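My request is simple: use the sequences and hints to build the entire structure.
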Amino acid sequence: MTDVNLLYVNSFGIAFVWPTAPNYTTKKIQLVFRDTGLMLSKEELWQFLKNIQHAKRSSSPCADCSAKHSCKALLVDSPFTQVSFAMNVEELKAMNDLVKGTLFHLDLENLLDDLFRN
Numbered sequence: 085m086t087d088v089n090l091l092y093v094n095s096f097g098i099a100f101v102w103p104t105a106p107n108y109t110t111k112k113i114q115l116v117f118r119d120t121g122l123m124l125s126k127e128e129l130w131q132f133l134k135n136i137q138h139a140k141r142s143s144s145p146c147a148d149c150s151a152k153h154s155c156k157a158l159l160v161d162s163p164f165t166q167v168s169f170a171m172n173v174e175e176l177k178a179m180n181d182l183v184k185g186t187l188f189h190l191d192l193e194n195l196l197d198d199l200f201r202n
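Each position in the sequence shown, counted from 1, maps to that position plus 84 in the numbering used here.
Hints are not guaranteed to be accurate.
[Claimed, not checked] Here are the simulated SDA-like cross-link-like pairs (lysine to any residue), alpha carbons at most 25 Å apart as the crow flies: (1) Lys184 x Arg141; (2) Lys140 x Ser162; (3) Lys112 x Leu124; (4) Lys156 x Asp181; (5) Lys111 x Phe164; (6) Lys156 x Ser168; (7) Lys111 x Glu193; (8) Lys140 x Ala170; (9) Lys177 x Ser142; (10) Lys156 x Val167; (11) Lys140 x Trp130; (12) Lys112 x Trp102; (13) Lys126 x Thr165; (14) Lys177 x Asp197; (15) Lys177 x Leu122; (16) Lys134 x Val116; (17) Lys134 x Phe164; (18) Lys112 x Ala178; (19) Lys140 x Phe96; (20) Lys140 x Val93.
[What the hints assert, rightly or not] Across the chosen pairs, the derived CB separations fall in these ranges: (21) Val167 x Asp197: 29 to 35 Å; (22) Thr165 x Asp198: 29 to 35 Å; (23) Arg141 x Leu199: 32 to 38 Å; (24) Val93 x Gln137: 17 to 23 Å; (25) Phe200 x Ser95: 31 to 37 Å.
In case anyone wonders, no lab produced these hints; they're calculated from the structure.
Being a predicted model, the structure only gives us computed values, none of them experimental.
We put the CB at the ideal spot given by N, CA and C, even for glycine.
Encoded structure:
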């Protein structure tokens, strides 16, 4: 993966930025999970995180279901109103980690850039 600037990776997906993208403030983050790739701005990533956390709070798998951890019963809205993702509990946790980790690394990069610019 030397062709991309890796931001974060976990067992569910990967987040990176193409190095040929224009200056940092307009770069889109490539978020890849399952068979899906999304190009998101930082603001769209924050919205996606809010949607994930809303799905975690408002949805609960059936208590007595033996397949509650593998059943894709949780619906997560993407930052794009036309797209939603069906996920199971474990995928939702992993997606939450992927987006949070990506946002953390973006903020860390910004902080380090600010520190070394001065």
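Practice task
Take a quick look at whether lysine 184 and arginine 141 sit within 25 Å of each other, Cα to Cα.
Solution key: This hinted pair holds, its Cα atoms lying about 16 Å apart.
Handout entry: C-beta pair arginine 141, leucine 199: status relative to the range 32 to 38 Å that was hinted
Key = holds, 36 Å
Practice task
Decide if the proposed pair is consistent with the structure: lysine 156 and valine 167, CA atoms, cutoff 25 Å inclusive.
Solution key: Judged against 25 Å, a Cα distance of about 16 Å means the pair holds.
Practice task
Assess, step by step, whether the Cα of lysine 177 is no farther than 25 Å from the Cα of leucine 122, and give holds or violated.
Solution key: holds, 18 Å
Exercise for the section: For the pair we were handed, lysine 156 and serine 168, check the Cα-Cα distance against 25 Å. Expected result: holds, 12 Å
Practice task
With a cut-off of 25 Å on the C-alpha distance, tell me whether lysine 140 and tryptophan 130 pass.
Solution key: holds, 15 Å
Handout entry: Distance restraint between lysine 177 and serine 142, which requires alpha-carbon spacing of 25 Å or less
Key = holds, 14 Å
Exercise for the section: Starting from lysine 140, check that the Cα of phenylalanine 96 is at most 25 Å away, please. Expected result: holds, 17 Å
Problem - Hint consistency between lysine 112 and alanine 178 [alpha-carbon to alpha-carbon, up to 25 Å] - result: Holds, at roughly 21 Å.
Handout entry: Hinted pair lysine 111 and glutamate 193, Cα distance within 25 Å
Key = Cα-Cα ~13 Å, so holds.
Problem - Given pair status - serine 162, lysine 140, alpha carbons within 25 Å - result: Measuring from Cα to Cα gives roughly 14 Å; hence the hint holds.
Handout entry: Cβ distance range 29 to 35 Å for threonine 165 and aspartate 198, holds or violated
Key = holds, 34 Å
Violated hints amount to a single one, hint 14; each of the other numbered hints is respected by the structure.
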